[in-house]
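Enquirer: Below, each chain spelled out in residue letters.
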Amino acid sequence: MINVTIDGKTVEANPGDLLIKVAQENGVYIPRFCWHDRMKPVGMCRMCLVEVEGIRGLPPACTMPVAEGMVCHTETPAVKQAQDDVLEFLLVNHPLDCPVCDRGGECPLQDTTLAFGPGESRFVEEKRHFEKPIPISDVVLLDRERCIQCARCTRFADEIAGDPLISFVDRGGHTQVLNHPDHPFASYFSGNVVQICPVGALTAKPYRFRARPWDLATVETSCGQCAVQCRGALQSSSNRLVRLLGVDSDAVNHGWLCDKGRYGFEYVHSDARVREPQLDGKTVSWPQALDAAADALRSARDLHGAESIAFLGGARGTNEDAYAIARLAKGVIGTDNVDSQLGDGLPAELILGVNRAAIADLDTAAAIVLLAPDLKEALPVLHLRLRRAALECNVPIIDFSSVPHGLTREVTHALAPLPGEQGKRAEQLVGALNGNAADAIVAAAAATIAGRSGNIVVVLGRSNLAERSDATVQAAAALAGLANVKFLSALRRGNVHGALEAGLAPGILPGRVTIEHRDAVQQVWRTAPEVPGLDAEGILRGAIDGTIKTLVLVGADPIADFPDRALAIEALNAVGTIIALDGFGNASNQRAKVMLPVTMFGEKSGTTTNLEGRMQRVNQKVSPEGIAMDDWRIASEIALRLGDDFDLELVDEITAEMIKVSPALAGATPALLASSHDGVRIPVREHATEIKVRKNNAGLLDGEGAVSWEPIKADVEAVDVELATHESADESADESAGEAGAAVIDSGETPSADKATITAPTAEASATVAPTAASVLLTWNRIAPSVSLPGRDAYAVRLVSGPALYDHGNAVNASASIVGLRGPSKLLVSAADLQRLGVTNGTEVHVASAKGAFNIAVHAARGITQGVAQLAMGGERGANALIDVGSSATDVRVETIQ
Amino acid sequence: MFTDANKKRATEIVALYPKAHSAILPLAHLAQDQDGWLSPEAMDEIADYCDTTAADVQGVCSFYTMYKRRPCGNLVVSVCTNVTCLVVGGPEVLERLEHKYASDHDVFVEEVECLAACGNAPSMQVNYEYHEHLTPESAEQIVEDYKAGRLVARGVSGGLA
Ligand code: SF4
Ligand code: SF4
Ligand code: FES
Ligand code: FES
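Just so you know, the protein sequences line up as chains Z and H, in that order. Here the first sequence stands for residues 1 to 898, where the numbers follow this note's numbering. Here the second sequence stands for residues 1 to 161, where the numbers follow this note's numbering.
Keep in mind that a hint or two might mislead.
Straight-line C-alpha distance at most 20 Å; calculated EDC-like pairs for lysine to aspartate or glutamate [said to hold, decoys possible]: (1) H:K19 to Z:E159; (2) H:K19 to Z:E410; (3) Z:K692 to Z:D361; (4) H:K19 to Z:D158.
Far from chain H by the CB rule (all over 12 Å, computed), these chain Z residues [what the hints assert, rightly or not]: (5) C98; (6) V169; (7) V177; (8) P184; (9) P396; (10) A443; (11) R518; (12) G867.
These are computed hints drawn from the structure, not numbers from a lab. Every residue gets a Cβ at the ideal spot worked out from N, C-alpha and C, and that includes glycine.
Using the sequences and the accompanying hints, generate a full structural model.
Expert: Written as structure tokens, this is what we have:
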């Protein structure tokens with residue numbers, strides 16, 4: 001640490017930190033336009049000029065690293081004069097059309113001019129003129145007259161997103177931001193430039209002219225479109241969601257959002273929403289619908305046994321929803337045929353039972369092993385974090401992908417296994433680390449790892465949905481044997497990790513335990529399964545062979561999402577009764593006997609858990625469409641009708657019950673969850689020291705000053721958090737009952753504004769809490785199925801498939817602003833295979849597998865191995881129409897159409 | 001689109017630099033010599049050679065006024081009217097040529113700043129080939145000679161590969 005004096009106050013700083021940041025952290029705001037804390041400084045706008053003793057002239061504070069003994073002044077007459085001059089210059093060409101500008105009211109240029117500017121302009125000449133907003137992509141519009149050339153947008157596109165599709169064009173007075181005429185700014189992250197532009201030059205179609213900032217009400221919440229769960233500020237006007245802004249969470253998203261998250265909430269208000277309960281296709285009242293659902297479940301159980309009932313889904317709601325569904329299925333009905341993953345994930349024991357990494361661990365890893373789908377498509381902001389780790393923190397990436405993907409350029413060692421051979425390749429890497437390398441590539445990768453200290457972080461997901469998960473599990477088993485290895489889950493669906501933690505998987509109970517450890521839930525549950533049930537594939541096969549007679553779809557659409565569509569269709573046609581909890585009708589629930597409309601994003605509060613096991617609060621902003629109900633409430637109403645009264649009225653009560661029966665959550669309380677910034681990581685006791693508590697109980701977005709163009713930082717402070725025992729968790733829930741949904745709940749004796757609700761565990765208390773966390777938590781046994789790949793047919797290509805960001809789900813289909821961004825499906829092959837087919841790029845060809853066939857355009861893609869083809873999931877021409885989930889590889893014939 | 005010969009040239013030019021990105025300017029000259037201007041398609045193609053995006057190429061190239069981003073015929077005639085040329089008849093040369101070729105789509109006459117040939121002012125360039133000591137008449141004759149093929153410019157990318 002060094003000492004720096006700013007405006008007469010001596011403060012401590014890290015050598016090399018930028019003066020503008022050191023000043024800000026010590027309460028001195030130096031005005032700026034171009035500097036952004038998450039990007040490299042450029043010193044372009046000159047708004048941050050300051051005086052530094054011993055330095056001639058006025059250096060920009062944003063490019064000036066602090067040094068020992070530096071003395072800086074930010075309010076001298078010279079600095080004031082410079083600020084006046086810079087603003088007067090910036091306004092020379094600025095149109096000042098604030099009354100019709102979307103940024104008006106939250107515009108940094110307005111605010112800075114008011115606070116630091118001269119108040120009048122001497123410029124009487126004609127300003128420069130450009131055509132008023134021109135689209136630079138399907139979503140973003142650019143008004144070049146308003147631009148002040150700060151380069152935030154162009155730097156974001158290049159440095160952060162890696163999509164340098166906009167850049168400065170021309171020079172001098174004509175300098176403007178522009179895309180190339182044939183290439184729109186079609187970045188998955190384009191919305192971020194709108195948020196960080198310090199003027200109204202960049203606007204986004206979905207929000208343009210929809211609201212004025214002072215009419216907006218805001219809550220902090222997490223995006224739920226994928227398992228990253230980026231933090232966001234959700235804003236509404238007149239009870240409609242109008243905007244989601246990124247909140248700067250150090251742990252998760254660094255302030256960024258992807259466009260699907262940012263604009264894809266429109267589905268919430270879509271006309272296609274199911275707004276009222278339906279019975280046999282007719283609108284009914286809630287009591288009628290709930291009675292019918294309960295009757296169906298009761299008679300199925302009585303006639304055919306609990307095992308004839310299965311639950312699919314639950315990964316789209318909150319943890320509380322998932323927990324209540326788990327309790328209904330496993331604790332009331334008594335079936336373990338429950339799966340929140342739809343054959344597109346990994347075994348729950350693996351995900352819950354390995355040593356888990358946090359997203360931030362990427363930055364300090366010895367190496368990142370990438371054993372995951374294309375993260376740019378599946379988990380966009382995680383993709384940004386990996387890019388950062390590779391480019392900013394110089395962490396090497398060892399890649400197990402069989403096809404090129406969004407991070408291919410950043411990969412250090414590409415092990416390039418053929419589809420299905422990830423396990424074999426991982427064993428070779430482990431072999432190389434133990435001194436016997438199979439080839440030069442693994443040897444080089446092993447040498448890179450050996451030359452660095454820190455953990456190996458394996459980003460683990462399904463790198464190929466066109467094969468069984470076996471090869472990935474095998475690879476994970478090999479890698480899990482290494483010392484210093486941590487796994488960052490890359491499962492995709494919104495709250496799939498919360499659902500797994502809540503027990504929505506066969507053989508699993510809430511709190512990262514297997515059904516052998518029933519004692520925790522039995523404090524509350526009437527029953528608990530004794531033998532592990534079926535996973536999604538087993539459930540669908542059970543429906544076909546008649547053992548599964550009743551299927552409850554909890555926000556699940558297996559026909560769209562299960563990798564083997566033919567199997568899903570057969571199963572959904574065969575099953576006797578379908579009960580659906582969903583916000584939308586879809587192919588899978590169209591036959592549902594009972595349709596129960598559920599609340600969706602922004603309509604409910606509770607907690608969710610992201611891919612690093614971070615549990616955070618999500619908050620309600622608008623009232624539900626129609627008479628939709630929270631899933632957890634539906635579950636408890638059905639349970640009541642089945643004779644089991646959950647006695648849960650408020651979401652905090654259910655959070656508290658979930659904590660009480662979940663060994664991995666031991667120590668948390670609803671109050672702690674509400675007051676902690678960045679939430680808590682599971683297992684809570686293991687990560688207690690990481691918990692940060694908000695200084696201000698009000699929460700960061702309450703009150704004035706929620707500026708959107710600078711990283712929205714929370715007001716946090718590290719305090720020593722002592723975790724609660726189960727009993728105190730219980731109490732705090734009771735006390736919180738009166739103000740559920742409010743940001744923070746006082747509890748007991750220490751309602752000091754600065755402290756979280758904390759009750760010290762006593763030896764006695766811990767003794768009475770049945771499961772002591774560490775002992776029962778699941779540990780993966782590293783048993784991997786063997787992989788036997790079918791022989792290669794010389795005329796077939798082996799398929800690799802993963803999700804696309806703009807997929808065929810409801811969130812995209814029912815969000816007008818992004819549905820148009822979904823491109824047509826195409827089959828990607830190697831140039832050699834394209835030549836072998838004798839066709840040119842874009843030609844329609846016929847693809848056929850044992851499961852299905854269709855015509856599709858074929859394109860050659862750089863980096864694809866001969867004999868391998870790539871096709872995304874979903875839609876008419878999706879890979880799921882070709883995949884046989886029973887096979888460890890999907891080979892497809894590609895033929896020209898005569 | 002580069003011709004086959006220029007594709008080969010382009011590959012050779014890229015190989016001269018440690019980073020492909022550095023070849024943007026020479027490739028832009030090559031494309032302009034070939035097409036007479038730097039078309040969006042050419043910038044796109046250059047981006048592929050230089051491992052970057054077309055927007056980046058456009059940004060770099062638009063900084064330099066010598067790259068023409070709209071078609072300007074076969075002959076670019078740049079007439080200097082800066083101080084030295086101004087006092088010895090540059091503006092007259094410009095006026096004559098502008099008038100004469102106002103509706104000739106093959107000849108693009110532009111006014112430029114000092115061409116660093118003040119010693120023999122007034123000066124102009126035709127496709128970046130220098131011509132000095134001009135009168136309005138001699139300038140017109142020179143342009144006519146180019147039009148008739150009696151004079152041929154060597155091209156800016158000539159010495160690069
Ligand atoms: S458009 Fe906005 S962010 Fe981009 S350079 Fe202009 S003012 Fe800056
Ligand atoms: S990366 Fe995922 S969580 Fe983040 S904004 Fe996009 S969809 Fe939402
Ligand atoms: S903020 Fe320092 S120059 Fe722009
Ligand atoms: S002033 Fe014309 S060449 Fe220098």
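Enquirer: Now look at each hint and say whether the structure bears it out.
Expert: Right, here's what the structure says about each hint:
no., hint, verdict
1, H:K19 to Z:E159, "holds (18 Å)"
2, H:K19 to Z:E410, "holds (16 Å)"
3, Z:K692 to Z:D361, "holds (17 Å)"
4, H:K19 to Z:D158, "holds (17 Å)"
5, C98, "holds (29 Å)"
6, V169, "violated (4 Å)"
7, V177, "violated (9 Å)"
8, P184, "violated (10 Å)"
9, P396, "holds (21 Å)"
10, A443, "holds (27 Å)"
11, R518, "holds (57 Å)"
12, G867, "holds (26 Å)"
Hint compliance for this structure: hints 6, 7, 8 are broken, all remaining hints hold.
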